[in-house]
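Kindly generate the complete structure, drawing on both the sequences and the hints.
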Amino acid sequence: MRKTIAISITTIFALVVCIMAMPDSYADTGIVDTGSTAWVAICTALVFIMTPGVALFYGGMLRKQSMTSIMAQTLAVIAIMTLSWFVVGYSLAFSGDGTIIGNLEHVLLNGISYDDVSGVLPELEFVIFQCAFALITAGIIVGAYAERIHFKAVALFLLVWSILVYAPMAHWVWGGGLFDEYLTVRDFAGGLVVHICAATSGLALAVFVGKRSDRVIKDRAHNLPLVFIGFTLLWIGWLGFNGGSGLAADGIAVNAIVVTQLSMASCMAVWAIIQYFHTGHVGVLGLISGGVAGLVAITPAAGYVDATAALVIGIVCAPVCYYAVYFMRKKSGIDDALDVFGVHGIGGIWGSIATGIFAQEAMGGAAGLIEGSTDLFVGQIVAAIVTVIYCFAMSYAIIWVISKITPVKMSEDEEAIGGDIVDHGEPSYLI
Amino acid sequence: MKMIVAIIRPEKLGAVKDGLSAAGVEGITISDVRGHGSQSGITLTSRVGTTVLDEIEKVKIETVIDDSIEQACIDAIISAANTGHFGDGRIFVMPVEKSIRVRQE
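Residue numbers (the working numbering), protein chains in the order written: chain A, 1 to 431; chain B, 1 to 105.
Calculated directly from the structure, the hints in this document are not laboratory data.
Since the model is a prediction, treat every value here as computed from it, not as a measurement.
Where is the CB? At the ideal position from N, CA and C, for every residue including glycine.
Misleading hints may appear alongside valid ones.
To be verified - Only some residues are given here: those of chain A computed to face chain B with a beta carbon under 8 Å:
(1) D214
(2) E361
(3) I421
This is the structure in structure tokens:
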């Protein structure tokens, strides 16, 4: 009898110890969570499909003489950014705790084996998930300077840009660098790293090469259904883009998907209303631009805000981006061919500021203005300004140096014929 | 009655249409075409040599007009489509025997 009681007490004690020793969250367990691994693997695939989606989305909006050119540049993005990411990019962004840049510890994934764990995921999965983000960021740039820059210059630019612009940006925001050290900054899925960075880099290239010649017919999408398919891939991909950025299959991931969809829909609807009153009709390109702008705006906030905030973010995003696009096209004198700065740049800046307003401490560990803290709000604005200045200046410098090595801008004749034939000898369509 | 066939740069189509309307043209037919003129196309140089692009995209405009506005139409097309570079295009004028409307009154 006494022996039984002793065993029982020992068993209960052991159970209590076990329960007390159990972690209160997934973090820092060093154990891979299979559900989260599966979810992030799916999200990785979803984010990868956004890059070819961008090719269809952009290519359809240009002349038919530029379709091959956009597809080739997007494929170059896929090849160059992937190689650069695995060789040095990941290491520069996510290893070491330098302020400006990481170190070369993980060059060529040195020291990362299949059973290493990061959070609740295999570290290799984190590497490939982040690789997909590097790809889509570079893919977005292509639209700003479309139809003017030779393919060879684009390829060289991407190679240098991936190391000098993308890796530091990812390090500053996600890898424990500059912004993490000195500011309170929250960027859930890449408002700063992906959208503001891509848009200002694209803007720098568009400013550097100047406008397209008058011999290029502009503002007429050659194939609207392609734009539609491209948008569909972007939208579905975006659910993985935001949904996977919590790096776990949990409530935050579901919340991110819900707010992403809400922001997209509200921005699309309001954009359509503005366009109706401004131009007298609602167009497919307008609806799609509104949808993309809403997706961009919610990206930095997706893990930190609730559904009501997402509605406000989407609704406010529509007039802000609509008039930004209008200004860029009619007043700025800059030929941002596919409204990359108006939609991704301004949308990303609004999303970053909105994160500083609506963020909930319970979700992301930092309180926004509504919860009475100004730290995050100020941090978001400073981070956005630094991102704009750094990405613009560095991209401009890179393309300036490349222009000393190889021709960057096409001649007027070459622009009129189109990059498909001039650079690739491979027209997308036989008339 | 004359038929005017003009081959012009695609990007000049809008300006040419406006010019023709101002000159009094009512009906117009527009087609996308490709070909080359007396320069025999454009020579492109790449790493492995040169290629001649002899199918350059152009727009063809056809219109049948009254003799009285023939010169006005020619002037309108030239002033709208001229850039001074190779490849600005050609204008052909030919006589028309009959012009019959399909919809009968």
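task: Report the numbers of all earlier hints that the structure fails to satisfy, in ascending order.
output: Violated: hint 2 alone.
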